[in-house]
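Assemble the whole structure, with the sequences as input and the hints as a guide.
So the sequence lines, in the order shown, correspond to chains A and B. Residue numbering for the first sequence follows this note's numbering, starting at 1 and increasing by one per position. Residue numbering for the second sequence follows this note's numbering, starting at 1 and increasing by one per position.
No lab work stands behind these hints: they were computed from the structure.
BS3-like cross-link-like pairs, simulated, lysine-lysine; straight-line CA separation at most 30 Å:
1. B:K20 with A:K443
2. B:K274 with B:K239
3. B:K181 with A:K443
4. A:K443 with B:K205
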Amino acid sequence: MLFQSQGFVLVFLPIAVAAYYAVAGSERMRHVVLIAASLFFYGWWDARFIPLLVGQIAASWLAAYAHKRTGRVAFLYAGVALNLASLATFKYLDFLLASVQAVIGVALPRANIILPIGISFFSFQLISYLIDRLRGDAPVYPLRPFALFVLLFPHLIAGPIVRHNELVPQFALDPRRPGRWFRICAGLTLFTIGLAKKVLVADDLATHLVTPLFEEASHQALSFAQAWNATIAFALQIFLDFSAYTEMAIGIALLFGLLLPDNFRRPYLATDLRDFWRRWHITLSTFIRDYLYIPLGGSRHGDARYIAATLGSMAICGLWHGAGWTYVIWGVWHGFGLVVCRFWQRLERPLPSVLGWLLTMLFVLVGWVVFRAASFTTSVALLRSMTGVDGFGGRFEHVGLIAAGILVSVLIPSAHEIKDGWVRPTRLGAIALGLLAVWCILKVGKGAPLNFVYFQF
Amino acid sequence: MRIDTSMVRGESGGSEVALKRTALAWLATVFAALGAFLLMVIVVDPYDSGRFPTFMPSGSADERPPTINVSRGRDPRFNAVLLGSSRAVLADPRRISALTGYRFVQLASEGALVPEQMTFLHWFARNHASVDAIVVATDMIWCDLNPELPGERDFPYGLYADNNFEYLRTTLSGATFDFAKERMLYALGRMPGVDHARFVDIETKYGWRWPDWVPNWYAPKGAAVTTLPALTRFDADLKELPTQPPIVLWMPPYFHDALPSADSPDGLRLAECKAALRRWADARPHTRFLDLAVDTPEAADRRNFLEPIHVSNRFMRVIEVQIAAAVNQVK
Numbered sequence: 001m002l003f004q005s006q007g008f009v010l011v012f013l014p015i016a017v018a019a020y021y022a023v024a025g026s027e028r029m030r031h032v033v034l035i036a037a038s039l040f041f042y043g044w045w046d047a048r049f050i051p052l053l054v055g056q057i058a059a060s061w062l063a064a065y066a067h068k069r070t071g072r073v074a075f076l077y078a079g080v081a082l083n084l085a086s087l088a089t090f091k092y093l094d095f096l097l098a099s100v101q102a103v104i105g106v107a108l109p110r111a112n113i114i115l116p117i118g119i120s121f122f123s124f125q126l127i128s129y130l131i132d133r134l135r136g137d138a139p140v141y142p143l144r145p146f147a148l149f150v151l152l153f154p155h156l157i158a159g160p161i162v163r164h165n166e167l168v169p170q171f172a173l174d175p176r177r178p179g180r181w182f183r184i185c186a187g188l189t190l191f192t193i194g195l196a197k198k199v200l201v202a203d204d205l206a207t208h209l210v211t212p213l214f215e216e217a218s219h220q221a222l223s224f225a226q227a228w229n230a231t232i233a234f235a236l237q238i239f240l241d242f243s244a245y246t247e248m249a250i251g252i253a254l255l256f257g258l259l260l261p262d263n264f265r266r267p268y269l270a271t272d273l274r275d276f277w278r279r280w281h282i283t284l285s286t287f288i289r290d291y292l293y294i295p296l297g298g299s300r301h302g303d304a305r306y307i308a309a310t311l312g313s314m315a316i317c318g319l320w321h322g323a324g325w326t327y328v329i330w331g332v333w334h335g336f337g338l339v340v341c342r343f344w345q346r347l348e349r350p351l352p353s354v355l356g357w358l359l360t361m362l363f364v365l366v367g368w369v370v371f372r373a374a375s376f377t378t379s380v381a382l383l384r385s386m387t388g389v390d391g392f393g394g395r396f397e398h399v400g401l402i403a404a405g406i407l408v409s410v411l412i413p414s415a416h417e418i419k420d421g422w423v424r425p426t427r428l429g430a431i432a433l434g435l436l437a438v439w440c441i442l443k444v445g446k447g448a449p450l451n452f453v454y455f456q457f
Numbered sequence: 001m002r003i004d005t006s007m008v009r010g011e012s013g014g015s016e017v018a019l020k021r022t023a024l025a026w027l028a029t030v031f032a033a034l035g036a037f038l039l040m041v042i043v044v045d046p047y048d049s050g051r052f053p054t055f056m057p058s059g060s061a062d063e064r065p066p067t068i069n070v071s072r073g074r075d076p077r078f079n080a081v082l083l084g085s086s087r088a089v090l091a092d093p094r095r096i097s098a099l100t101g102y103r104f105v106q107l108a109s110e111g112a113l114v115p116e117q118m119t120f121l122h123w124f125a126r127n128h129a130s131v132d133a134i135v136v137a138t139d140m141i142w143c144d145l146n147p148e149l150p151g152e153r154d155f156p157y158g159l160y161a162d163n164n165f166e167y168l169r170t171t172l173s174g175a176t177f178d179f180a181k182e183r184m185l186y187a188l189g190r191m192p193g194v195d196h197a198r199f200v201d202i203e204t205k206y207g208w209r210w211p212d213w214v215p216n217w218y219a220p221k222g223a224a225v226t227t228l229p230a231l232t233r234f235d236a237d238l239k240e241l242p243t244q245p246p247i248v249l250w251m252p253p254y255f256h257d258a259l260p261s262a263d264s265p266d267g268l269r270l271a272e273c274k275a276a277l278r279r280w281a282d283a284r285p286h287t288r289f290l291d292l293a294v295d296t297p298e299a300a301d302r303r304n305f306l307e308p309i310h311v312s313n314r315f316m317r318v319i320e321v322q323i324a325a326a327v328n329q330v331k
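What follows is the structure, encoded as structure tokens:
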């Protein structure tokens with residue numbers, strides 16, 4: 001069930017919210033309702049993976065509980081290993097087999113395992129909890145709130161990645177406490193904005209530009225204009241799509257009286273690459289910083305260690321996005337950029353903001369080409385077209401859509417900034433937002449597509 | 001990272017009463033707008049479904065493959081149906097009607113797989129007292145051995161559903177506005193209606209080119225065809241009809257080069273599929289299987305084809321006579 005689907009907006013969400021407030025007086029029942037709703041939400045995708053999800057949660061909680069009872073850290077290490085093993089098996093096994101096969105030149109069988117949706121997110125959350133426990137930073141929560149911390153459906157599939165200490169304490173709060181209507185207004189506002197970004201801009205960018213152009217690029221060289229068209233469209237699509245999801249997630253959580261962390265702060269306004277990563281997928285970048293980069297040495301053990309820690313953690317960051325070498329290359333590319341950025345900043349010769357922004361955007365765009373292209377060969381061909389060495393021809397299409405994407409990307413602030421600055425008691429604004437939501441709800445309806453390209457026989 | 005917990009504790013910038021009104025205004029707007037939309041669907045009947053009493057006249061200006069049969073399939077002038085995919089769309093129901101005495105309507109539709117074809121049959125049966133004859137183009141789609149018999153993911157089944165709630169749910173789409181606009185223009189006489197007795201001429205509608213590919217015969221390698229899931233489904237749907245009509249199954253021709261040789265694996269699977277269709281027809285009264293997927297001089301003439309698996313109007317005029325003759329044999 002997608003957040004923007006009619007079933008979610010018109011049936012699932014209203015029922016879940018109504019049920020939650022119907023039992024708002026009982027903390028236990030609130031947890032039960034949210035756990036049941038979350039399991040239903042997850043099961044809607046593929047109920048076969050519910051045992052995996054529940055199993056990882058139960059095993060991680062048992063590891064923490066056993067550690068509390070015995071004091072033996074081996075339980076925590078076992079819990080981390082189990083979550084990593086699950087992630088490795090379900091997400092990376094075929095990638096590993098293909099990579100080994102490429103090295104040894106012998107055909108290996110494939111597991112062909114279906115990827116359980118959201119596994120990267122819930123596995124990382126469980127690992128972060130167990131590591132915090134190892135560090136002495138995490139209590140053993142009762143099973144119900146612990147399970148809910150992972151299962152909570154607004155963030156279960158695609159984040160934001162939430163830390164236990166950010167979320168579990170909120171489960172004790174009555175959603176009817178003062179400020180309820182502010183939270184509901186903020187939730188509805190964020191949900192509508194996210195829905196509109198996703199349905200009206202990001203999906204159109206994907207349909208009209210990204211999918212056809214990248215598909216064409218995997219067969220033949222694109223013109224100069226087409227290559228830029230594809231790359232800029234994808235940069236906008238991935239941001240608008242993902243940030244829209246985050247806004248909807250935060251908005252939904254607010255309807256339940258819960259606050260999830262911010263995830264994007266207008267990243268395409270960044271004037272250097274470190275700034276970009278402070279604005280882009282913030283919950284992942286802070287996770288990478290706290291659980292990979294710093295344990296690998298960070299910046300306090302000399303330059304060599306710093307470079308290794310940065311490149312290593314960014315390579316894993318890339319791999320987290322998908323089981324493929326192009327993702328690893330994308331991660332290393334950003335790691336390399338972060339290293340260069342840091343050494344340049346040490347020289348204390350700051351670039352003019354406009355030049356810094358331009359260089360950052362060019363760097364990020366090159367990364368997106370590698371990230372999105374079907375293969376490394378295709379990315380090289382696309383980047384070659386972008387340089388203009390084969391000519392400056394071609395046509396830049398859907399300029400209005402691109403312009404809309406740019407405007408939305410730079411004008412709409414982060415979810416928390418919207419919550420804190422945009423929510424006002426105005427009936428006219430509510431009516432406008434309500435109509436915008438209806439427009440989106442109707443747009444996602446596929447009942448009778450007007451241009452039914454349906455001609456395959 | 002730590003979240004701002006002050007908001008969580010309930011400190012807000014506006015009065016709670018005013019904020020409550022704002023939230024309720026959002027909810028009221030959404031539900032009122034959706035309610036108005038559904039009311040429009042009921043009153044204007046954008047797809048000419050005839051489900052609700054309305055002042056709108058019957059008929060539509062719609063010729064889009066997934067929706068055209070909503071209106072066409074309930075036209076009371078017809079008592080017999082032509083079913084199939086795009087390979088059968090060019091069959092002219094007026095000629096077959098003239099040659100057989102039935103009143104055929106063309107319900108074959110571009111991209112229609114077996115579930116969609118059965119959906120059209122069910123819709124026709126639901127809107128008519130009886131189905132007096134059925135002609136089905138049993139092309140390679142019918143040879144599919146996948147027991148799940150998947151349909152087209154984006155096909156709007158809800159428009160043809162028995163359940164009005166399912167219908168209304170399906171109409172909840174921006175595209176419905178365009179259909180509503182067309183229906184209004186049609187009702188006001190400012191847009192010509194589509195003659196349901198005709199067929200959609202996809203030969204002139206699309207730009208055809210001769211591709212360099214061979215058809216997928218759908219049958220998995222080595223599998224023996226004992227029964228076809230499509231026939232099982234067809235059987236089940238026929239049982240719901242009040243009377244059992246005469247049926248002609250016809251396998252459309254393929255261009256010479258697209259036909260697999262008889263001793264190739266594909267050729268063997270095609271032969272097994274045809275044998276299964278023939279067995280089914282032989283076992284049923286007033287039923288015949290007409291095999292036109294054979295290597296004939298006509299099948300080697302490129303003028304008879306739009307591309308290797310779609311016959312042209314030129315060839316279809318000949319085929320219509322063969323279909324009509326088969327219908328006359330079984331009626």
